[in-house]
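Please model the entire structure based on the sequences and the hints provided.
2 protein chains.
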Amino acid sequence: MGMKNIYIIGIGLIGGSFALNIKKLHPKATIYGIDNNSVHLEEALSLNIIDVKAEINDIENADLVVLAIPVDSSVTELPKILDSISDNTLVIDVGSTKTDICNIVANHPKRRNFLATHPISGTEFSGPQAAFLELFQKKTNIICEVEKTAFKLQEKALELFLGMGLRIRYMNPKAHDKHIAYVSHLSHISSFMLGKTVIEKEKNERDIFDMAGSGFESTVRLAKSSPEMWTPIFKQNKDNVIETLEEYINNLNEFKIMMEKDDFEAVFNEMKSTNHIKQILKGIV
Amino acid sequence: MGMKNIYIIGIGLIGGSFALNIKKLHPKATIYGIDNNSVHLEEALSLNIIDVKAEINDIENADLVVLAIPVDSSVTELPKILDSISDNTLVIDVGSTKTDICNIVANHPKRRNFLATHPISGTEFSGPQAAFLELFQKKTNIICEVEKTAFKLQEKALELFLGMGLRIRYMNPKAHDKHIAYVSHLSHISSFMLGKTVIEKEKNERDIFDMAGSGFESTVRLAKSSPEMWTPIFKQNKDNVIETLEEYINNLNEFKIMMEKDDFEAVFNEMKSTNHIKQILKGIV
Numbered sequence: 000m001g002m003k004n005i006y007i008i009g010i011g012l013i014g015g016s017f018a019l020n021i022k023k024l025h026p027k028a029t030i031y032g033i034d035n036n037s038v039h040l041e042e043a044l045s046l047n048i049i050d051v052k053a054e055i056n057d058i059e060n061a062d063l064v065v066l067a068i069p070v071d072s073s074v075t076e077l078p079k080i081l082d083s084i085s086d087n088t089l090v091i092d093v094g095s096t097k098t099d100i101c102n103i104v105a106n107h108p109k110r111r112n113f114l115a116t117h118p119i120s121g122t123e124f125s126g127p128q129a130a131f132l133e134l135f136q137k138k139t140n141i142i143c144e145v146e147k148t149a150f151k152l153q154e155k156a157l158e159l160f161l162g163m164g165l166r167i168r169y170m171n172p173k174a175h176d177k178h179i180a181y182v183s184h185l186s187h188i189s190s191f192m193l194g195k196t197v198i199e200k201e202k203n204e205r206d207i208f209d210m211a212g213s214g215f216e217s218t219v220r221l222a223k224s225s226p227e228m229w230t231p232i233f234k235q236n237k238d239n240v241i242e243t244l245e246e247y248i249n250n251l252n253e254f255k256i257m258m259e260k261d262d263f264e265a266v267f268n269e270m271k272s273t274n275h276i277k278q279i280l281k282g283i284v
Numbered sequence: 000m001g002m003k004n005i006y007i008i009g010i011g012l013i014g015g016s017f018a019l020n021i022k023k024l025h026p027k028a029t030i031y032g033i034d035n036n037s038v039h040l041e042e043a044l045s046l047n048i049i050d051v052k053a054e055i056n057d058i059e060n061a062d063l064v065v066l067a068i069p070v071d072s073s074v075t076e077l078p079k080i081l082d083s084i085s086d087n088t089l090v091i092d093v094g095s096t097k098t099d100i101c102n103i104v105a106n107h108p109k110r111r112n113f114l115a116t117h118p119i120s121g122t123e124f125s126g127p128q129a130a131f132l133e134l135f136q137k138k139t140n141i142i143c144e145v146e147k148t149a150f151k152l153q154e155k156a157l158e159l160f161l162g163m164g165l166r167i168r169y170m171n172p173k174a175h176d177k178h179i180a181y182v183s184h185l186s187h188i189s190s191f192m193l194g195k196t197v198i199e200k201e202k203n204e205r206d207i208f209d210m211a212g213s214g215f216e217s218t219v220r221l222a223k224s225s226p227e228m229w230t231p232i233f234k235q236n237k238d239n240v241i242e243t244l245e246e247y248i249n250n251l252n253e254f255k256i257m258m259e260k261d262d263f264e265a266v267f268n269e270m271k272s273t274n275h276i277k278q279i280l281k282g283i284v
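As they're listed, the protein sequences go chains A and B. Heads up: the first sequence runs through residues 0 to 284, numbered per numbering that gives the first Met the number 0. Heads up: the second sequence runs through residues 0 to 284, numbered per numbering that gives the first Met the number 0.
Mixed in with the good hints there might be a few duds.
Pairs involving identical chains hold if they fit within one copy or between any two copies, as the list cannot separate such chains.
What the hints assert, rightly or not - For lysine-lysine, the following DSSO-like pairs were computed, each having C-alpha atoms within a straight-line distance of at most 27 Å:
#1 K223 with K177
#2 K173 with K260
#3 K223 with K137
#4 K137 with K109
#5 K3 with K22
#6 K52 with K22
In case anyone wonders, no lab produced these hints; they're calculated from the structure.
Spelled out as structure tokens, the structure:
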């Protein structure tokens with residue numbers, strides 16, 4: 000199974016880090032980079048993340064296509080990509096939502112060439128200069144609807160993912176989107192709104208951020224994330240995200256009411272019962 | 000100005016880290032440890048964080064007393080401590096709230112022996128085994144009502160803090176408590192409630208936390224914090240904390256409404272306008 004011509008569509012943090020890993024695992028492969036952002040494309044070339052700049056029409060000779068663009072564009076582009084490839088090409092997407100992308104190609108004649116994945120790894124930074132080889136080490140890669148992908152292409156993908164250090168889990172797209180709303184999307188909104196609340200209050204006292212210490216820094220870290228990437232994710236996963244937000248807001252309101260009633264025993268118990276997150280998180284650190 | 004007999008009351012993360020720093024700066028000093036928790040006291044002794052176990056009644060020969068216990072206990076203990084010390088003893092507290100502790104000793108005859116401080120440094124861990132020498136490096140120490148402390152004792156404290164790597168800022172207690180509610184207390188509540196929301200939802204699917212990745216981990220890190228320490232902080236800073244919570248909840252509600260209305264341009268703008276937190280935070284990392 001050849002790994003000669005590799006096309007990375009979207010040379011950002013994830014796409015760029017895929018490119019670095021593929022180059023390491025397959026030194027003789029040619030990495031073709033495709034990106035709407037010509038500055039990113041030049042950066043990726045000068046950083047040796049890609050070997051050659053390419054266009055979307057060039058992909059007919061691809062052995063592997065990695066689609067790493069915002070999730071709304073992925074849904075638009077994936078059918079066209081499948082239209083253009085050969086029978087032996089593996090196309091994977093790496094987006095943070097999985098229902099819409101799986102639906103859009105459900106009846107495509109080349110559905111078996113596509114594998115829907117979500118490597119749960121990222122930083123708050125974006126663009127090719129944020130890419131690095133170790134990004135996927137010991138991270139989880141969710142694969143959806145694996146049974147719809149040709150067996151030989153599954154094997155090829157699995158070999159690549161394991162070579163990159165990813166752990167594999169299988170899940171259906173609806174379950175993925177529901178759970179990821181809790182463990183990822185909600186964290187991003189809570190972080191953005193925390194940043195907003197503090198910036199609004201302290202806008203006239205910039206040096207107050209001297210006080211922020213490490214606690215604030217870690218809770219607002221995700222507020223540095225790219226709005227270009229996250230807006231389409233929230234749009235595609237709207238119902239699940241709204242549900243998590245409602246539950247989160249309710250919990251915050253209940254905490255506030257306990258404080259207003261001076262029921263600090265309840266405040267204590269709320270924190271105590273959440274404390275066992277220590278044990279839960281041990282597995283993912 | 001002697002630094003021979005040092006009493007640390009509360010040998011936890013902060014008290015223990017103070018002890019380690021003082022021992023390094025003053026190798027000939029004797030570090031006396033006082034703690035209600037006899038297990039912690041034995042641990043501190045076996046970890047060489049303290050030299051000797053002591054009782055609260057022993058402090059009359061103290062050159063320095065560091066009060067590092069929950070903020071409600073500090074308010075109860077500080078007047079008694081000031082009653083027992085000599086004229087040359089420096090007493091500092093390191094609590095996360097400053098109004099109540101300054102008020103309680105406002106008219107104490109030994110007010111000039113006390114310095115109210117808040118080193119903004121911590122981790123989500125607690126107890127003597129969490130203490131480490133570098134905890135205070137390049138962190139900010141807020142000093143309140145510095146003018147009420149005897150000049151020679153101010154000098155002694157400043158020399159210690161600078162030796163520990165702390166940067167000093169001066170602030171009045173009310174301003175401290177108001178700002179710290181935004182940049183620290185709110186982060187802790189948002190983290191605890193985020194942890195609660197996700198645990199409630201996913202309690203029957205523990206292995207879903209494989210999906211949590213690094214984003215969730217950093218936003219819920221503070222939910223590992225000690226409820227014993229944080230409950231009295233929220234109680235003492237109730238009004239400020241409720242105000243920050245209200246603003247935070249309002250911002251979350253507005254975000255939810257934008258999503259419900261499918262106004263994703265507004266969602267994008269909300270995130271974009273908070274993105275400059277990157278620049279703000281550069282100063283504190």
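Evaluation of the provided hints:
1. K223 with K177: Answer is both; intra-copy 24 Å and inter-copy 25 Å each pass.
2. K173 with K260: The answer is between: 23 Å across copies meets 27 Å, while 40 Å in one copy does not.
3. K223 with K137: both (24 Å within a copy, 23 Å between copies)
4. K137 with K109: neither (31 Å within a copy, 57 Å between copies)
5. K3 with K22: Result: close within a single copy only, 10 Å intra versus 62 Å inter.
6. K52 with K22: within (15 Å within a copy, 60 Å between copies)
The structure is inconsistent with hint 4 alone, although it conforms to all the rest.
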